[in-house]
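Engineer: Order-wise, the sequence lines are chains Z and R. Everything in the first sequence is counted per the working numbering, starting at 1 for the first residue and increasing by one. Everything in the second sequence is counted per the working numbering, starting at 799 for the first residue and increasing by one.
Quick caveat, the hints were computed from the structure, so don't treat them as lab data.
If you want the footprint, here are the derived chain R segments under chain Z, 3+ residues with CB under 8 Å:
(1) 1531 to 1541
(2) 1565 to 1579
Chain R is nowhere near these chain Z residues, computed Cβ spacing over 10 Å in every case:
(3) Phe125
(4) Val159
(5) Phe186
(6) Arg399
(7) Pro478
(8) Leu483
(9) Ile596
(10) Lys635
(11) Val642
(12) His650
(13) Val687
(14) Tyr708
Ideal Cβ positions, reconstructed from N, Cα and C, are used throughout, including at glycine.
2 protein chains.
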Amino acid sequence: MANITKKVSWSSRADESGVTAEGTPLLNGSEQPRPSRQLSRDGIFQVGRLSTVDLEEEMTSEEESLRGRPKEIPHNEKLLSLKFESLDYDNIENQLFLEEERRMSYMGFRCLEISRWVVCGLIGFLTGLIACFIDIAVEELAGMKYRVVKENIDNFTEVGGLSISLILWAVLNSAIVMMGAILVAFFEPIAAGSGIPQIKCYLNGVKIPRVVRLKTLVVKVCGVICSVVGGLAVGKEGPMIHSGAVVAAGVSQGRSTSLKRDFKIFEYFRRDTEKRDFVSAGAAAGVSAAFGAPVGGVLFSLEEGASFWNQMLTWRIFFASMISTFTLNFFLSFYHNKPGDLSNPGLINFGRFESDSGAYNLYEIPLFIAMGAFGGLLGALFNKLNYWLTIFRIRYVHRPCLQVMEAMLVAAVTAAVSFTMIYFSNDCQPLGSENKEKYPLQLFCADGEYNSMATIFFNTPEISVRSLFHTQAGTYDPLTLSLFTITYFFLACWTYGLAVSAGVFIPALLIGAAWGRLFGILLASITPNGSIWADPGKYALIGAAAQLGGVVRMTLSLTVIMMEATGNVTYGLPIMLVLMTAKIVGDYFVEGLYDIHIKLQSVPFLHWDAPATSHWLTAREVMSAPVTCLNRIEKVGTIVDVLSNTSTNHNGFPVVMQGADSDEPSKLCGLILRSQLIVLLKHKVFVELARSRLTQRKLQLKDFRDAYPRFPPIQSIHVSQDERECMMDLTEFMNATPYTVPLETSLPRVFKLFRALGLRHLVVADDVNRVVGLVTRKDLARYHLGSHGLEELQLAQT
Amino acid sequence: MANITKKVSWSSRADESGVTAEGTPLLNGSEQPRPSRQLSRDGIFQVGRLSTVDLEEEMTSEEESLRGRPKEIPHNEKLLSLKFESLDYDNIENQLFLEEERRMSYMGFRCLEISRWVVCGLIGFLTGLIACFIDIAVEELAGMKYRVVKENIDNFTEVGGLSISLILWAVLNSAIVMMGAILVAFFEPIAAGSGIPQIKCYLNGVKIPRVVRLKTLVVKVCGVICSVVGGLAVGKEGPMIHSGAVVAAGVSQGRSTSLKRDFKIFEYFRRDTEKRDFVSAGAAAGVSAAFGAPVGGVLFSLEEGASFWNQMLTWRIFFASMISTFTLNFFLSFYHNKPGDLSNPGLINFGRFESDSGAYNLYEIPLFIAMGAFGGLLGALFNKLNYWLTIFRIRYVHRPCLQVMEAMLVAAVTAAVSFTMIYFSNDCQPLGSENKEKYPLQLFCADGEYNSMATIFFNTPEISVRSLFHTQAGTYDPLTLSLFTITYFFLACWTYGLAVSAGVFIPALLIGAAWGRLFGILLASITPNGSIWADPGKYALIGAAAQLGGVVRMTLSLTVIMMEATGNVTYGLPIMLVLMTAKIVGDYFVEGLYDIHIKLQSVPFLHWDAPATSHWLTAREVMSAPVTCLNRIEKVGTIVDVLSNTSTNHNGFPVVMQGADSDEPSKLCGLILRSQLIVLLKHKVFVELARSRLTQRKLQLKDFRDAYPRFPPIQSIHVSQDERECMMDLTEFMNATPYTVPLETSLPRVFKLFRALGLRHLVVADDVNRVVGLVTRKDLARYHLGSHGLEELQLAQT
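Modelling step: build the complete structure from the supplied sequences, incorporating the hints.
Structural biologist: Encoded structure:
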């Protein structure tokens, strides 16, 4: 029987790799990147099918990797980078921690809980304010620009010489975009794009360097204003999520490392567990401010981040979201001269879809599903093109000045294309009283009419989306819409990934709304009884959902965001079906846009479940072995050597204890982190010193919190030769009860434990509690279901 | 230092209890109920402060506990019943399971996933149909009743003799309620009430007997129709959640044990993990159908049930919810003669609150919060009264016939009170064209007018709620509203807990809407510029939220449900603040209504986190020890004896293996469940038999699935004296990689592991992997924060 032979071959493999594992854990055992292995669908390894990747090509110079150029992105998604650290969502329950918790009274816990609420309220408030600032700045600056250009065009339409207008428009756009691009490319490259992939990674538990710093926030906010005002095919919504996350990371720590200010508050929250919770709240507040969708925000955070569902946390996240959308709404109501009118939450609001007019019918659902499939196809095309473009950029456009020039080029081309489209369009519409065009371009239209192509090109994309959803049938003619769809599709695709901070939500919605509306118009014209399809806005909404779903492949949170942005439960089912179809169709060809960019950065991203066919693998195969262990009372020199070993660069070390009997094997008794050892070394917590200086103050949890999160590198800590001979007692500082699994635990089981508890290190122990291996994030993220079945990614130091 | 002395006293305690723990695990060690201990807020045990509970008083006769009378509820919430089993949310990864998973191809997993979606679709569809059936039945029957009574009243108003109308009304109500009460009291007592407490427990992981059976569903549906038609102060919404859950449990198993039909489909889903997931979907579909709130339904399920957040599961739950509300909406649109109009999702719809008219202002928020506090107070009063009533009922009204009589009495009193209120009311309103009164009672009003008290009393509660929310200012006079609030408050309180199936959502909303509207009217009359408070409907909404929040204390899901039912994001923040205030104020006095009823049943319910001040406790104190262990190859006789031991009645047994050396201690090597052992015994999987009957078919996972979930008791399995001497090899069937924790793990850490993975048994092992204890649900649920700090509940066999 095939089944038995498989089992035999497996156990023989296990024996091979188990040779070292059975021995006593070694000190300083360095871990080599493993050869690439690949598993076929039924689980047998097939070595060598994957072409070996030239590692040298991927290596970037030290200086470049420090500056964080996109060059450090290895352009091969079959690699997994080892440079990303994980967040520690599991509390480090060492003696210090337990003592602190035990000292705390019930009232103390209540106060902590209240301060968590206060922090969430602050996060919501500040995120709302930032959204408000971005909105007003964009509206004012864009208004100024459009007025100047419109005046110019109006002047030159009669006398001729519109090419001057074109040049004016293009130069204005390029100049504004240049400012944004310079900020991003030269000062903070991580602020490029929407930031959603980075926040996804952070919420997943990967520490992306500099992603939640104040500087990033400032660059992001200024950058997004420049890109939107500069007329690029981008939206201001995506970056809100990143902004909210930065606000959360800053506020919750009660200090700013960049500004060197410590407010001495919220010190309890200075650890990964609490910080990650607050960042979820910040991301949710960002979504909520962007789309006026507090519930959608909560679901976004949960979909991307949560592993363990915690009711109080969810409730706080919801509170932050509510405050954020409320703040935005409240301040914008003053800006719009309707003080106290709280009916317009969110930066973009799709406007109310009246359900009185019949909403939709059962027989329209197949049509919606077909639109979903089409959206999936178009989305896949978008992603594939953007993937190639990104690889091209990684190879050839990695210098900041080149990036700025590319951004300026895109801005100029966008202006030129828009101008050409408007120029050659003959689609004139009467300028009625209901058409609240902000900048109606008359151009060559008769008096009292305006150019309808200009409505979608000569406006911020948010206004164009609303216009496509809500203007009555007949406002746009089919030719306008098809031309617009095609040009905007390529412009948006080119724009995403530029060194400017901007989002892809709105462009995707706009493309979808355009072809959706086109579909609605065509449907009405080919059916005999056209009146029942009378509302092309409905199809615009479905098209927008389909296109966005096809590009980003979010499902649950996106459905709720769309539902909340339309303020309508009725369209819930069709939107959901459309998003599902778009995801299924799109996934057949290529992954979602965010996932592509995450993979291109080789981030060890953990998905929700282990790959379905991975029951073949056990902890024995998955774990890293041999493990660098430390003794409970260890020589300082050994610790310094272990930490300085750049070839391994481990972050967690199991602590073992020699049995009373000398030939008894040493048993696991705890786990200690690099960051803790660094603090211990810095404070010189050596046994000999403790004896000599009895008055010395005991190291407290506060010392660890003060060093968090930027622990100094080992190189910066000076340990003299004498001190190297001292001993360190780790008992008090190690986590004495790390989670362990036996060698035979299946990968899905290991995965579930790891994911549900947000672990960073999981010790694999044998049946007498000896350490035989260590499972970390990269060990689990390595396995994924590729087109050839279960595949194993390579590990790379970059 | 106090801290050190505490530590010393703790370790000495630990040594005491650790004496047996250090020894080799005993066979058949019976676990005695522990003496009640109580911890003060800073963690020191204070023995004897809690008065010892008379256990004998709580014991019920075997026959009674089998029939499931409410008598089996011990009326002391300081007890924790041992009779409730836990669900096993963790997969039992034994060899059989792993072999099956490994045999399955990638396509197999895809098919499974698709069938999960099909099942969820079916759940949604059937739940929607049931909701539709209930709605139509209630509307038709109640309409018939109201027409008869109205005709009678109209006749007798002129000629005098309205007492005949009163008698007619009271008799009609009593008769209808009697039918429902007989069904519930005599056929399926578990169908009483809304079923939400039971479903909360099930989703929490407690197996409540008979709660998801077909018979329960039938009784529930018929019962709820009778109670609503019978004019009780109840709603038809709560029971939908229970109905959805039953549908899910039935459909997902592909068979009905009650009907003895096995469709041979979905056999893979016949285990606790999958079933619990589907039941979450069913509960969500129920909420969704009841309130037209698909997102609220998902959040309800997650709030109550989920511990580990699984994206695909959440997405499926959402799908079931969507289908459910869509199905209901679709079929009801035909019933209401507006085919295809999908704008009325849900059994109750609060109607659109127009936000154009300014919605609310910032300065109204303190008013809303005050209303929330008032709602919390009223809710606490409601709960306290209902608590005393429930204890009274447990003591004196436990016979079915008494229960039926009480229900009839309540129905008659409700009719009498309503009649009296209407009779003495002088609040006449003009019968305008916009007032779409279904059954306007003229009574003593002038022609063309109607009695406005009758609008709220002479209608199903759902219609009354809508009327309070939306009729224009001036429809109700303050006296009417205050009288109504008071009478309805006591009626609803008396009604909840009767032996009829009915929900408390709508009555609570109605009470709140009444006093909220009253508050709005008073506000408008005392302020100089009354016009800005012109809309009393807004205050009715806030009052309804406050009252409901004060009674049930749900937060997150309730906010979303209310937001979806009003179709408005704008009111999200006030509703949230109101619900939070109501919860905080209410929790100060007494727990939520559902929690009270759960506690009165002594269910070992696990909350979200361990009590805040429980870091003092470790696995050593929490675990049950000594543990009954089995050897990997164990004598059949021993197994039968262990299973038959009624004094312990354990459900999980660690499996140990003797080391090669005889004085080496036996090590943990697996965990096996009672249900598995029962199946093994039933199929006589004995080592000797396997040798003699080589052709015998191997026991498969299917055999375990076929026996699920009603495993026979050990008494029904006959094992001969010869067979008792045989051996059983458990290797293949035990879970070889159970989760373990060391002795020193703190309670919060144990709790988190247990909760996040939905465990049933957690083995406590020492540093050489010997079994020293076992942590189960009851060990964790025992500790709770009472008014005197950390308290420990007593365990009782009942």
